[in-house]
Amino acid sequence: MGKAYRLLYDENACIGCQACSVACRVEHGVPEDFFRLQVRMELKGVFPRLGMSYERMACVMCEDAPCVSVCPTFASFQDKDGLVHIDERVCITCKYCILACPYHARFINPLKNVVEKCDFCYESRVSKALLPVCVSICPTEALMFGDMNEHDSLVYETSHKEALIFPKAHLKTKPKVAFLPKRKGMKS
Amino acid sequence: MSPIWGSMAQYEMVHWSWAIAVYLFLAGLSSGSIMVALLVKWNRHERSNSSIWDAMIKSGAVVAPLSILLGLLLLVVDLGRPLSFYWLLIRYNITSVMSLGVLFLLLYTPIVIVFMLLVFERSVMKYTFLAPLVALIQAVKELHSYAKIIEYFLFVTALCISSYTGFLLSALYAIPLWNSPILPILFITSSISLGIAVNILTGLLFFKSTINEESIKYLLVLDLRVILTELPLLALLFIGMFYAGAESANAAKAALSQGFWAGLFWFGVIGVGLCLPLLTVMIALKSHVYRISYVVINSMVVIGGVLILRYYIVYAGQIYLG
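Those sequence lines, one after another, are chains P and V.
Using our numbering, read the first sequence as starting at 1 and increasing by one per residue.
Using our numbering, read the second sequence as starting at 189 and increasing by one per residue.
These are calculated hints, taken from the structure and not from any lab test.
There's no promise every hint is true.
As the list claims (entries may be wrong) - Straight line, CA to CA, 30 Å or less: simulated DSS-like cross-link-like pairs of lysine-lysine: (1) 396/V - 336/V; (2) 182/P - 3/P; (3) 80/P - 174/P; (4) 329/V - 314/V; (5) 172/P - 336/V; (6) 441/V - 44/P; (7) 396/V - 95/P; (8) 95/P - 44/P; (9) 128/P - 3/P; (10) 3/P - 184/P; (11) 168/P - 314/V; (12) 172/P - 95/P.
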């Protein structure tokens with residue numbers, strides 16, 4: 001059976017330390033001022049009910065991925081587990097996928113001149129049964145990663161216990177990344 | 189200074205820039221001018237001697253191949269990796285409008301080039317270095333009994349070219365201004381208007397001896413109708429966005445009211461591109477005399493307007509995301 005990967009981001013546990021972003025940069029050699037992953041922060045609410053609001057910006061690994069359907073050369077493709085990858089050999093850098101992505105997850109790597117994005121660290125880590133680097137580095141365990149087909153996995157248990165928010169769910173892209181929304185503090 | 193999570197530049201980039209806007213313009217120009225040439229050929233070409241072409245047909249025959257070839261060159265050069273463009277010819281993803289566009293272009297481009305060779309057969313024969321083409325022309329002429337069918341086919345492929353440039357943008361639901369079925373129709377109508385303007389202008393400049401006032405008048409009447417269709421189409425584009433949820437509505441509001449691009453829309457697209465030609469065409473037609481100055485002014489403003497429309501759609505779409 002194929003894997004049903006899921007990455008959960010718990011906004012209650014995140015402290016905005018940016019360790020995930022730095023680890024990602026190191027792991028993949030992302031050029032300066034470009035990002036596979038950003039965690040944005042905003043102070044929200046009215047005093048005294050204030051709180052930090054966090055937003056993870058990265059590829060959400062859509063099941064119905066617009067970047068894959070618009071790519072003219074199949075450079076954007078899905079593997080057997082439904083993860084979206086980029087075949088750098090056939091990418092012509094037409095930028096169509098960058099425009100098609102509703103999550104703004106893609107950019108052009110200026111060193112290689114090809115389109116790049118988060119790939120769940122598939123090559124270097126997940127395919128070797130390691131966690132994605134952002135998940136393993138997170139000091140507050142705000143990130144969880146695993147296979148939804150394994151019923152004893154942390155992501156399976158958390159997904160069935162918590163109310164999840166799938167980013168831009170109305171677009172019906174069926175992301176593999178979900179958020180555990182902030183419970184306390186500010187009113188949005 | 190960047191926020192703590194780093195530079196936002198990558199998220200604010202305009203990825204498709206002037207080259208794409210100009211390509212959309214050139215593809216519209218090419219398909220529009222050949223459609224207009226064919227319309228004149230079918231409806232206004234009274235002479236039975238096929239070697240004496242109406243100036244409008246000659247214009248279309250020159251403009252269509254040259255503009256599409258220039259456009260394609262621009263498209264390839266604009267790729268991040270221009271030398272890898274050949275993958276577009278090897279791999280086809282039929283769910284991608286870009287791949288469909290490649291297929292349409294592969295059908296359309298050779299036919300318009302052959303069309304040009306046929307119309308300018310005599311010029312081709314004059315130059316010895318073009319001798320290999322003469323054989324091609326002779327071979328194509330053997331097919332004269334199918335001429336009408338080939339012309340219809342060319343017209344359909346031209347329609348595909350002008351509409352695919354719209355679908356190319358409208359296929360992306362991440363961009364509210366583009367994600368509308370109105371866009372391809374808007375691009376078809378504006379490319380016909382553009383074809384009329386450029387054909388008339390080229391006709392006046394280069395093929396004055398074969399200009400037929402009747403066909404110019406026929407085209408001006410057609411242009412009037414096309415422009416009168418474009419205005420409600422533009423209105424529909426934005427009205428549709430206002431009813432398509434908060435994100436689209438915000439994008440529409442911003443695109444119509446904020447910054448340089450909103451100004452360009454009202455001044456360039458609506459003012460210069462549509463109202464001014466409407467005015468000149470009405471004056472030109474009303475006076476019942478063939479006034480060359482009106483016709484030239486009309487053509488110039490239409491060309492400017494359509495180019496501005498493509499620029500506006502390409503840039504405002506990427507900037508105002510709602």
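Going through the hints against the structure:
The suggested pairing of residue 396/V with residue 336/V holds, with an alpha-carbon distance near 27 Å, which does not exceed 30 Å. Only pairs whose Cα atoms come within 30 Å are accepted, and residue 182/P paired with residue 3/P is accepted, the gap being roughly 28 Å. For the given pair, residue 80/P sits about 16 Å from residue 174/P by alpha-carbon distance, which is consistent with the 30 Å threshold. Restraint check: the Cα-Cα separation between residue 329/V and residue 314/V comes to about 18 Å, which is no more than 30 Å; the hinted pair holds.
At roughly 46 Å between alpha-carbon atoms, residue 172/P and residue 336/V are farther apart than 30 Å, so this suggested pair is violated. A C-alpha spacing of about 26 Å is found between residue 441/V and residue 44/P, which places the hinted pair at or below 30 Å, so the restraint holds. Taking the CA atoms of residue 396/V and residue 95/P, the gap is about 44 Å. The hint is violated against a cut of 30 Å. For the suggested pair residue 95/P and residue 44/P, the alpha carbons sit about 34 Å apart, so the restraint of at most 30 Å is broken.
A C-alpha spacing of about 14 Å is found between residue 128/P and residue 3/P, which places the hinted pair at or below 30 Å, so the restraint holds. Restraint check: the Cα-Cα separation between residue 3/P and residue 184/P comes to about 33 Å, which exceeds 30 Å; the hinted pair is violated. Distance check on the hinted pair: residue 168/P and residue 314/V sit about 64 Å apart at the alpha-carbon level, beyond 30 Å; violated. For the given pair, residue 172/P sits about 22 Å from residue 95/P by alpha-carbon distance, which is consistent with the 30 Å threshold.
Violated hints, in rising order: 5, 7, 8, 10, 11; the structure is consistent with all others.
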